[in-house]
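Each chain, written out:
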Amino acid sequence: GQQLNQSPQSMFIQEGEDVSMNCTSSSIFNTWLWYKQDPGEGPVLLIALYKAGELTSNGRLTAQFGITRKDSFLNISASIPSDVGIYFCAGQLVGASGTYKYIFGTGTRLKVLA
Amino acid sequence: EAGVAQSPRYKIIEKRQSVAFWCNPISGHATLYWYQQILGQGPKLLIQFQNNGVVDDSQLPKDRFSAERLKGVDSTLKIQPAKLEDSAVYLCASSLMRTGYNEQFFGPGTRLTVL
Numbered sequence: 001g002q003q004l005n006q007s008p009q010s011m012f013i014q015e016g017e018d019v020s021m022n023c024t025s026s027s028i029f030n031t032w033l034w035y036k037q038d039p040g041e042g043p044v045l046l047i048a049l050y051k052a053g054e055l056t057s058n059g060r061l062t063a064q065f066g067i068t069r070k071d072s073f074l075n076i077s078a079s080i081p082s083d084v085g086i087y088f089c090a091g092q093l094v095g096a097s098g099t100y101k102y103i104f105g106t107g108t109r110l111k112v113l114a
Numbered sequence: 001e002a003g004v005a006q007s008p009r010y011k012i013i014e015k016r017q018s019v020a021f022w023c024n025p026i027s028g029h030a031t032l033y034w035y036q037q038i039l040g041q042g043p044k045l046l047i048q049f050q051n052n053g054v055v056d057d058s059q060l061p062k063d064r065f066s067a068e069r070l071k072g073v074d075s076t077l078k079i080q081p082a083k084l085e086d087s088a089v090y091l092c093a094s095s096l097m098r099t100g101y102n103e104q105f106f107g108p109g110t111r112l113t114v115l
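Residue numbers (my numbering), protein chains in the order written: chain A, 1 to 114; chain E, 1 to 115.
Treat the hints with caution; some may be incorrect.
Unchecked claim - Derived DEER-like restraints, expressed as beta-carbon distance ranges:
1) A:28 x E:2: 34 to 42 Å
2) E:62 x A:114: 46 to 54 Å
3) A:18 x E:54: 38 to 46 Å
4) E:58 x A:28: 13 to 21 Å
5) E:10 x A:44: 15 to 23 Å
6) A:53 x E:7: 38 to 46 Å
7) A:15 x E:80: 46 to 54 Å
8) E:39 x A:57: 28 to 36 Å
9) E:61 x A:5: 20 to 28 Å
10) E:22 x A:5: 31 to 39 Å
11) A:53 x E:70: 43 to 51 Å
12) E:39 x A:28: 23 to 31 Å
It should be emphasised that the hints constitute simulated quantities derived from the structure, not laboratory data.
Just so we're clear, the structure is a prediction, and the values are computed from it rather than from any experiment.
Glycine is no exception: its CB is placed at the ideal position from the N, C-alpha and C atoms.
Next up, chain A with everything else stripped away, as it sits in the complex (with noise of 0.2 Å):
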């Protein structure tokens, strides 16, 4: 089934550090989300981007809707350890019987070091 590709696949900061990630895709998206799962757990939304062009924040977050709508990206300033986890990009398409349904990316392993 179809994937979104995500980079980098892993990374290790220090904390403090900002960390930028990206996702990619062949297919065009009206919806772009962005999920951190921690481990022995569900994916949980952090952000949620409905615009080509727009940026959102929620808290030390930022991500941006592409403009070509093939492509998202995710920042975290100043990183703690609780950041650790993997995160996930999703875009939404509308299925065949008009209902919506979401493909989700390779995920970026981040892991923080003290």
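Here the structure of chain A is known, so what remains is to put chain E in place on it, guided by the hints.
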């Protein structure tokens, strides 16, 4: 508000055996999703329900996987018979309605290991 509940949390079976997973969505959520998440990958949609009807099962391996959502609330996902490549975390998610963007809330998942 209670979240999405799933059980069991872990299951280990031999290949060719059968297994079933249960999901109880957030109260009032009409849409329910089952995802398969293989280690190192993102979740992949298996089936989507709107109330008790299927709206998308295009990626469900129907020769071995089946799912139902009786009375539009709880749902079960079954694998019969299981293969080694079915080892994964099975995530259930629910949202308020199918049209427009409505946040999906995920359960903790069931980790299946097929030996």
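A quick look at each hint next to the structure:
no. : hint                     : result
1   : A:28 x E:2: 34 to 42 Å   : holds (36 Å)
2   : E:62 x A:114: 46 to 54 Å : holds (48 Å)
3   : A:18 x E:54: 38 to 46 Å  : holds (44 Å)
4   : E:58 x A:28: 13 to 21 Å  : holds (19 Å)
5   : E:10 x A:44: 15 to 23 Å  : holds (21 Å)
6   : A:53 x E:7: 38 to 46 Å   : holds (43 Å)
7   : A:15 x E:80: 46 to 54 Å  : holds (48 Å)
8   : E:39 x A:57: 28 to 36 Å  : holds (32 Å)
9   : E:61 x A:5: 20 to 28 Å   : holds (24 Å)
10  : E:22 x A:5: 31 to 39 Å   : holds (33 Å)
11  : A:53 x E:70: 43 to 51 Å  : holds (44 Å)
12  : E:39 x A:28: 23 to 31 Å  : holds (30 Å)
Violated hints are absent here; each numbered hint is respected by the structure.
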